[in-house]
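Modelling step: build the complete structure from the supplied sequences, incorporating the hints.
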Amino acid sequence: MSPVACLLVQAQDEAGAAQLWDQMQEAAAAGGVNVQRLPVVVGSVDEAVPYVNSLVGRKCRLVVGAGEHVAGAVDAAAAQAPGVRFAVVGGGAVHAAGVTQLPGDEGALKAQLGAMPEDLRREGAAGAAAVSAAPRS
Numbered sequence: 001m002s003p004v005a006c007l008l009v010q011a012q013d014e015a016g017a018a019q020l021w022d023q024m025q026e027a028a029a030a031g032g033v034n035v036q037r038l039p040v041v042v043g044s045v046d047e048a049v050p051y052v053n054s055l056v057g058r059k060c061r062l063v064v065g066a067g068e069h070v071a072g073a074v075d076a077a078a079a080q081a082p083g084v085r086f087a088v089v090g091g092g093a094v095h096a097a098g099v100t101q102l103p104g105d106e107g108a109l110k111a112q113l114g115a116m117p118e119d120l121r122r123e124g125a126a127g128a129a130a131v132s133a134a135p136r137s
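Once you know that position 66 of the sequence shown is 66 in our numbering, the rest is easy, because the numbers rise by one and skip nothing.
Simulated from the structure, these hints should not be mistaken for laboratory data. These numbers were taken from a predicted model, which means no experiment stands behind them. Beta carbons are placed, not taken as given, at the ideal position from N, Cα and C, and that holds for glycine. Check the hints yourself; a few may be wrong.
[Claimed, not checked] Across the chosen pairs, the derived CB separations fall in these ranges:
1. G98 to Q36: 14 to 22 Å
2. Q12 to E118: 26 to 34 Å
3. E118 to P82: 17 to 25 Å
4. K110 to A15: 13 to 21 Å
5. G114 to E47: 31 to 39 Å
6. Q101 to A15: 15 to 23 Å
7. D22 to D119: 13 to 21 Å
8. E14 to Q101: 16 to 24 Å
Structure below.
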């Protein structure tokens, strides 16, 4: 099964996130990653948290948040899902460990997302090896 990367974007920021979505699709197509996008209408971080949690529940190995409230929700959820990689675009400072602030510059963003398929496949292979090596009762 291909690793899954998910973009959660505030609907009011969707036009600004179009470049991000295009680059995620391009990186995914080149590397065998399934990407999904979920636009949401939220007015606060608290309203966005359940959407982040739903993507974690869908087994997204990378959750990218775009928009102020969504970025805050990603920051809040990261501590609860240590096996998932999180990244944000916009939304101010990132405080949670394990959350990457993606650059707004197109070239830097493309370079960082270009490494996404390799990183997710490598992490998936390591996780699968750990599961198969675990003692059985």
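For each hint, the structure was consulted:
In this structure the hint that G98 and Q36 lie 14 to 22 Å apart at CB holds, the actual value being about 20 Å. For Q12 paired with E118, a C-beta distance near 33 Å keeps the hint of 26 to 34 Å intact. A hinted range of 17 to 25 Å for the beta carbons of E118 and P82 is consistent with their spacing of about 21 Å. Restraint check, K110 to A15: a C-beta distance of roughly 19 Å satisfies the suggested window 13 to 21 Å.
Hint check: G114 to E47, Cβ distance near 32 Å, so the stated range 31 to 39 Å holds. In this structure the supplied range 15 to 23 Å holds for Q101 paired with A15, their Cβ-Cβ distance being about 21 Å. Distance hint for D22 and D119: a CB-CB separation of about 19 Å, consistent with the stated range 13 to 21 Å. Here the CB-CB span from E14 to Q101 is close to 20 Å, well matched to the stated 16 to 24 Å.
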